[in-house]
Each structure stands twice: as C-alpha cells, then as structure tokens.
Amino acid sequence: MTKLAQWLWGLALLGSTWAALTMGPTLGLELPLTCREVLWPLPAYLLVTIGCFALGTVGYRVATFHDCEDAALELQTQIQEARADLARKGLRF
Amino acid sequence: MSRPGAGFLAKKSTQPSSEKIPTLGKAQVEPYAWHFKRKLAALSPNGEPPKKATGTDQVVGLGLVAVSLIIFTYYTIWVILLPFIDSQHVIHKYFLPRAYAVGIPLAVGLLLLLFVGLFITCVMLKNQKVTKKVQ
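Protein chains in written order, with UniProt numbering: chain A, 1 to 93; chain B, 1 to 135.
Just chain A, same shape as in the assembly:
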C-alpha cells in the first residue's frame, strides 16, 4: 500500500469515528454534554495544532541556523555573474 493510501485510510478512519460520535445522539447514542462540546470542533483543533507546530518548528530552525558568510558571498557573486552572462545571451528577466 502506498503512503498516500495509508494516510487516506487513517484519515477516513478518524473522520468516520468523529462523524459517528458527533451524529450519535441523532441515532440514539448518549454522550455527556461536555464530551460532545469538546468533540465537535476537534478536526479544526487538530488542523490548527498541526499548523502551529509547523510554524513553531520553522521559527525555531530559522533562529538556530548557523550563518555561513563566505558561502553567502560566493553565492551572491555567482548569481551576479550568471545574471550578466544570461543577459548577454539574450535572456530577459
């Protein structure tokens, strides 16, 4: 099974569980009110949590990345050279 199929399978499982539990009361399943209150925004909560985690990881990696000044300078000179070269050959930016 491919990774995509695994992910979709897992998502479908979780989604159907959530749907069954939120629409349970209409089919006869009784849950305490507080549990239902926590349950129905759960997909949005998981999405926001994943987004926050991604943002936090990106921010942390930006803050702790070591600067390589020499490599940055070399890259800038290479970019300028390549730009001049390609402009001479007729490529428009």
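Honestly, the hints are just simulated from the structure, not real lab data.
One or more of the hints may lead you astray.
Counterexamples of contact, computed for chain A against chain B with all Cβ distances above 12 Å [claimed, not checked]:
id, residue
1, Leu-4
2, Trp-7
3, Leu-11
4, Leu-14
5, Ala-19
6, Leu-39
7, Thr-49
Simulated pairs of lysine to aspartate or glutamate, EDC-like, Cα-Cα distance not exceeding 20 Å [unchecked claim]:
id, chain 1, residue 1, chain 2, residue 2
8, B, Lys-26, A, Asp-70
9, B, Lys-26, A, Glu-74
10, B, Lys-93, A, Glu-74
We treat Cβ as the ideally placed atom computed from N, Cα and C, and that holds for glycine.
Given the structure of chain A, go ahead and fit chain B onto it with the hints provided.
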C-alpha cells in the same frame, strides 16, 4: 579470470557511468577562487565583506515560535478546557462564543487558499507575458 591482474580494471569498466559522481579537486577550484575574490573586491569598495546579521534571524525565528505558542495555548484552552469549567466562572469573559472556534480557522484557511491562488495566477501571467515578448 582470463587475464591475471585484470580483476581491478574489469571492475572499473563494468561500473555504470551514472554511478560515478564528478568531484572537483582543489586544483580545479583554485583558479576560480581568485576570480570570485576579484568580484568580491569590486562589490564592496571598502574591501570588507558585508556583515550578515544573525540578530534579525533570531528575532524573526523567536517571534514565530512565540506567536505559534500563543495561538496554540489560547486555542487549546478555548476548545478543550472551557467546556469543563463552570459557566459562571470569570474566565469565560476572555473567550469568544464557541462557534467562532471553528469559524475563524476556516475563514483564515480560505483566505490563505485565496492568496496562494492569486500568487500562482500572477506568476503564470508574468510567465506568459515574458514568453510572448521573446516571441
């Protein structure tokens, strides 16, 4: 082995050329290093390389971490903890009605999709204009 001592050579020739990774030795890079240093001197008239501030990187990174933590804690308290707190407690004053807990992320997500779509459209239009000009 048909020929003695041919084992090593035979191994080399049977290696597919796609496996060989070209590496540049120092002797090959050295003449270009002089070239780069000259360009560098032409860039900065003082002769000293421009300083790269780690400061702004750290500030931006830590700012992102702080923002994500704030959003996470506020949203967790809102969605998970509030239903278990007595409705007469004063903390409910600081949180919006519960319907917004799904509405605001949904609206923000749709806005993000809109911006991404607009950006892609702009880039594609720019590309089309460039190719038309070249033609």
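Outcome of the hint check:
A cut-off of 12 Å between C-beta atoms confirms that A:Leu-4 is not in contact with chain B; the least separation is 21 Å. Every beta carbon of chain B lies more than 12 Å from that of A:Trp-7, the smallest distance being close to 19 Å; the non-interface claim holds. With a cut of 12 Å on Cβ distances, A:Leu-11 stays outside the contact zone with chain B, its closest approach being about 17 Å. No Cβ of chain B comes within 12 Å of the Cβ of A:Leu-14; the nearest lies about 17 Å off, and the non-interface call holds.
The Cβ of A:Ala-19 lies farther than 12 Å from every Cβ of chain B, with a closest approach of about 15 Å, so its non-interface assignment holds. A cut-off of 12 Å between C-beta atoms contradicts the statement that A:Leu-39 is not in contact with chain B; the least separation is 10 Å. Listed as outside the interface, A:Thr-49 is inconsistent with that label: its C-beta sits roughly 7 Å from the nearest C-beta of chain B, within the 12 Å cut-off. Restraint check for B:Lys-26 and A:Asp-70: satisfied, since their Cα atoms lie roughly 17 Å apart, inside the 20 Å limit.
Taking the CA atoms of B:Lys-26 and A:Glu-74, the gap is about 16 Å. The hint holds against a cut of 20 Å. For the given pair, B:Lys-93 sits about 56 Å from A:Glu-74 by alpha-carbon distance, which is inconsistent with the 20 Å threshold.
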